[in-house]
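Asks: In the order they appear, the protein sequences are chains A and B. If you count by the working numbering, then the first sequence holds residues 1 to 458, one letter each, in order. If you count by the working numbering, then the second sequence holds residues 1 to 484, one letter each, in order.
Calculated directly from the structure, the hints in this document are not laboratory data. Cβ atoms here follow ideal geometry from the backbone N, Cα and C, with glycine treated the same way. Careful, some of the hints might be misleading.
[Unchecked claim] Using 30 angstroms as the maximum straight-line C-alpha spacing, the simulated DSBU-like pairs for lysine-lysine come out as follows:
| no. | chain 1 | residue 1 | chain 2 | residue 2 |
| --- | --- | --- | --- | --- |
| 1 | A | K406 | B | K427 |
| 2 | A | K406 | B | K153 |
| 3 | B | K294 | B | K401 |
| 4 | B | K158 | A | K406 |
| 5 | B | K100 | B | K401 |
[As the list claims (entries may be wrong)] Stretch-level coverage of chain A by chain B, calculated; a stretch enters the list once three of its residues show a Cβ under 8 angstroms from a Cβ in chain B:
| no. | segment |
| --- | --- |
| 6 | 16-22 |
| 7 | 92-99 |
| 8 | 223-233 |
| 9 | 367-376 |
[Said to hold, decoys possible] Pulled from the structure, derived: some chain A residues nowhere near chain B, Cβ distances all over 10 angstroms:
| no. | residue |
| --- | --- |
| 10 | S153 |
| 11 | L158 |
| 12 | L267 |
| 13 | L357 |
The chain contents come next:
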Amino acid sequence: MSCALLYPPAALAAGLAASLLLGLRRGNAPTARAARCLALLSVLASLACCLLLPFPLDPTELFRRDGPGLALQVLSLIAGIPLILLIDAENEEPIVLILGVLLGASLLASSNHLFGLFLGLETMSLSVYLLLYAARRDRAALEGAIKYFLTGSAAAALYLFGLSIHYAATGDMSLQARSGAGPATELALILMGAAALFKVGAFPMNFWVPDVYEAAPPELAGFLSTGVKAAGFLFLLRLASMFPSAVLLKAWLPWVSAATMTYGTLLALRQERLQRLIAYSSIAHAGLLLAAVWAWLRLGAGDRASATLWYYLAAYLFMNTGAFLFVRMSGIADLRGLRGCAARAPVASAFFTLMLLSLAGMPPTSGFLAKFYVLWDLLRAGGGWLAAVAALNSAVALGYYLRLVKDMVLEEAAPDPAPAAVGNAWPARCAAVACSAVTVLLGVDPAARGWLAGWISR
Amino acid sequence: MGYLTLLWLIPALGAVLVWLSPSPRAARWAAFAVALSALAYSIWLLRPYGSDLGALRLEEWGRSSAIGIRYHLGTDGLSLPLCWLTALLLSLSMLCAWGKELPASYWASFLALEACLFGVFTSQNLFYFFVFWDVSLVPMFFIIGLWGSQRRKAAAVKFMLYTFLGSLSLLVGIIGLATAHHAATGIWTWDLPALRHAPIPAEAARWIFAAIALGLAVKIPLFPLHPWLPEAHTEAPTAASVLLAGSMLKMGIYGFLRILLPVFPRESAAFWPFLAALGAVNVVYGALCAVSQKDLKRLVAYTSVSHMGFCMLGLFSLTIEGLAGASLQMLNHGLSTGGLFLLVGALYDRTHHRGVDDFGGLARGAPWLAFFFGLILLSSIGLPGLNGFVGEAMALAGMAKASVALAALGLAGTVLAAAYGLPAYQKVFWAPAGERSVSGSVLDLDLRERGAFWVLTALILAIGLYPGPLLRFMEPALLPLVRP
Numbered sequence: 001m002s003c004a005l006l007y008p009p010a011a012l013a014a015g016l017a018a019s020l021l022l023g024l025r026r027g028n029a030p031t032a033r034a035a036r037c038l039a040l041l042s043v044l045a046s047l048a049c050c051l052l053l054p055f056p057l058d059p060t061e062l063f064r065r066d067g068p069g070l071a072l073q074v075l076s077l078i079a080g081i082p083l084i085l086l087i088d089a090e091n092e093e094p095i096v097l098i099l100g101v102l103l104g105a106s107l108l109a110s111s112n113h114l115f116g117l118f119l120g121l122e123t124m125s126l127s128v129y130l131l132l133y134a135a136r137r138d139r140a141a142l143e144g145a146i147k148y149f150l151t152g153s154a155a156a157a158l159y160l161f162g163l164s165i166h167y168a169a170t171g172d173m174s175l176q177a178r179s180g181a182g183p184a185t186e187l188a189l190i191l192m193g194a195a196a197l198f199k200v201g202a203f204p205m206n207f208w209v210p211d212v213y214e215a216a217p218p219e220l221a222g223f224l225s226t227g228v229k230a231a232g233f234l235f236l237l238r239l240a241s242m243f244p245s246a247v248l249l250k251a252w253l254p255w256v257s258a259a260t261m262t263y264g265t266l267l268a269l270r271q272e273r274l275q276r277l278i279a280y281s282s283i284a285h286a287g288l289l290l291a292a293v294w295a296w297l298r299l300g301a302g303d304r305a306s307a308t309l310w311y312y313l314a315a316y317l318f319m320n321t322g323a324f325l326f327v328r329m330s331g332i333a334d335l336r337g338l339r340g341c342a343a344r345a346p347v348a349s350a351f352f353t354l355m356l357l358s359l360a361g362m363p364p365t366s367g368f369l370a371k372f373y374v375l376w377d378l379l380r381a382g383g384g385w386l387a388a389v390a391a392l393n394s395a396v397a398l399g400y401y402l403r404l405v406k407d408m409v410l411e412e413a414a415p416d417p418a419p420a421a422v423g424n425a426w427p428a429r430c431a432a433v434a435c436s437a438v439t440v441l442l443g444v445d446p447a448a449r450g451w452l453a454g455w456i457s458r
Numbered sequence: 001m002g003y004l005t006l007l008w009l010i011p012a013l014g015a016v017l018v019w020l021s022p023s024p025r026a027a028r029w030a031a032f033a034v035a036l037s038a039l040a041y042s043i044w045l046l047r048p049y050g051s052d053l054g055a056l057r058l059e060e061w062g063r064s065s066a067i068g069i070r071y072h073l074g075t076d077g078l079s080l081p082l083c084w085l086t087a088l089l090l091s092l093s094m095l096c097a098w099g100k101e102l103p104a105s106y107w108a109s110f111l112a113l114e115a116c117l118f119g120v121f122t123s124q125n126l127f128y129f130f131v132f133w134d135v136s137l138v139p140m141f142f143i144i145g146l147w148g149s150q151r152r153k154a155a156a157v158k159f160m161l162y163t164f165l166g167s168l169s170l171l172v173g174i175i176g177l178a179t180a181h182h183a184a185t186g187i188w189t190w191d192l193p194a195l196r197h198a199p200i201p202a203e204a205a206r207w208i209f210a211a212i213a214l215g216l217a218v219k220i221p222l223f224p225l226h227p228w229l230p231e232a233h234t235e236a237p238t239a240a241s242v243l244l245a246g247s248m249l250k251m252g253i254y255g256f257l258r259i260l261l262p263v264f265p266r267e268s269a270a271f272w273p274f275l276a277a278l279g280a281v282n283v284v285y286g287a288l289c290a291v292s293q294k295d296l297k298r299l300v301a302y303t304s305v306s307h308m309g310f311c312m313l314g315l316f317s318l319t320i321e322g323l324a325g326a327s328l329q330m331l332n333h334g335l336s337t338g339g340l341f342l343l344v345g346a347l348y349d350r351t352h353h354r355g356v357d358d359f360g361g362l363a364r365g366a367p368w369l370a371f372f373f374g375l376i377l378l379s380s381i382g383l384p385g386l387n388g389f390v391g392e393a394m395a396l397a398g399m400a401k402a403s404v405a406l407a408a409l410g411l412a413g414t415v416l417a418a419a420y421g422l423p424a425y426q427k428v429f430w431a432p433a434g435e436r437s438v439s440g441s442v443l444d445l446d447l448r449e450r451g452a453f454w455v456l457t458a459l460i461l462a463i464g465l466y467p468g469p470l471l472r473f474m475e476p477a478l479l480p481l482v483r484p
């Protein structure tokens, strides 16, 4: 059964190859539609392979199939569906690139080897760089793509450098946990960890986040902040479980986490552009997720204990995708345009309000339970001060979410009319309904985390 | 699904129903019907107590999750009267706002708020207590922000930010409590009855006590944490002011009675001077602020700060007199301050003025308004024979056992209460009308409003003259909290 390990990425690769072949035909629009259908099919096939196939008992030297890896695959595939449906595509190119991103994430998730991790990560990242420009061919998109490319390449170089030091010191590239940590492995981890922290947008390696998220079309920004970020966290988990006793993780991670959430929260308060604001809020959420990673390490770094992280990522997937969906559906770019939106579009405003309340962590939404679990993990792990910092940050964060709600619901419309709504077609509406339904349903039952822990540690 | 779940489900489902109703008129009728049935149902819940007043009537429903969170509701002599108060105040404020043109969403928000308040007052599980506590902020935010007076937006945001900060402190405290309890006993539980006298190490217990107390103190609100209250109460529409003062402030005091005193008797006994002193500061500070107010609604808002101070004084005397006085004072304050907000609202609807100096000699044209205003004001000040006196006297008597100095400060507060209440009343209703003041032409209370105020008057007199049954009903819940 060991080839079953590769079914989920193989389904995506097949879809990718088939969509590429579509380009041989003539005419743009039918190609795009056919590519969308093919991509959806391969995503669904890959999802089915993830969920339905049994767990093989023996991982091979290169690949594995475990709970966290499956969780990432499922999350990134689900995040990919609205992106495939909504992205502006004149021909098959953006769709092919999306499949490339998903393939990279899937390889990253099923890899059992340090170099395999790199291959997955780079497949994903290179496709994202191209996708950023392919989705919206203008100067801003080009600038964002290049900025992301340059900084991302630096991160990749750091990772390779760390990897070579590690290989020179140990002669081993498997993902097995190691007990002793000499200075060489410590240095290797610092370099590789820096790459992971870059990918999740941790302080101080998060300067690219707002620029890239703002340059991307909203649906792509939503995917970057959820699917790609989840891949970054799995990357971090894999590295962390190799060196559970390293100083970087034990001693530095809580400070990185506190700095990340405070930085994101404080800068979000001053933003006037909607996508930029959500980008900073996404940095703040990454800080909370890093706190969850630290608590996970302190609690023994088992698969079961990572349920908090995956619950948070799942909840965040739906609420942040929802928030960006509103940006896309309404075509509103800044806070001025948001004024009086509730009077013009009550249903869309109610939807956005729900997403914002969930991002702020109001019950009974999944955002609240996610925050609840993180605080619970932190207090169990003896991180009282970090829990206090997280709580304080959440209180300040309500300030900017509430500012959006206030502008939208309480203020009168600005004198100049808002731009007409674009792309308000049925895929966007269906995605919005799905996001709100999942956000509320996931938040109802406090036993959700226990269920997830059981699924991950099967 | 059991009896107590129905208590919060009636207004919650009612809110959906009202939201969907076709016209504002239908929405109003539906909302009033739901509010009345919630009131009737909350009174009907008294039935199983019979002669056995001491029992906490519990209902348990739902499975226990892996981390011990279990849906668990229960009522006793502390929670049920607060449910009655909430249901009554909402019904009366609907009655007083009958003639206004208000959309369906307005009434739906109020019913959603009522459902949350019922949930807070009946939850016996910390997790669900917190969920109801936190959700209650959302409808109140929209009510203040959408239907309040001129500076409503700033007031709504301020209200939300302050109380959300308090909520997070409460949340961290609650999680810390369950975690520390698990560390000490190996059992995960968030159930309040199971957490009584939790064997938590002193160091951790102090931090948890402080975090929960901070969260509750924002809601009460205790002295340095109060700035949201005058804004929110003043800018909110009348019915929202009534529920804010009447019920939502009680969530804080109720939290002390329900969580901190039973779970942390040792820390409560250790920290009482500090918290009681804050209560005394509240009494005097609130009264002094009220004296200098020129806006009637703001004046009433500051009296709330003062009255909540009396509750804290009674509570942290940790004597049975003080605890009973504090619990009674919660109800009294709901009735009298709720009534005063309704009256100021009625005055504002008629004249579009709220300033003390805008009026003069109103009693001539509006004798009923003057009568009810005087009576409810005297109840708020604490005139013997009316309900306020019983609560304040018991709270201060309890405090006198613990600390005479703090009781004396509280007593000074009652004198100050006369100083802020009576001159304003005299100016508005009896003084000769000045040049620019509104007088004479004001319409008196109509039959519907008079009915609402007669209900309040009856309760004020009943509690003032014969508080025995209510006190006996509360006593079994309070006795375990007395300092041994």
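Asks: Flag every earlier hint the structure violates by its number, smallest first.
Replies: Hint check: 1, 3, 5, 6, 7, 8 and 13 fail, others pass.
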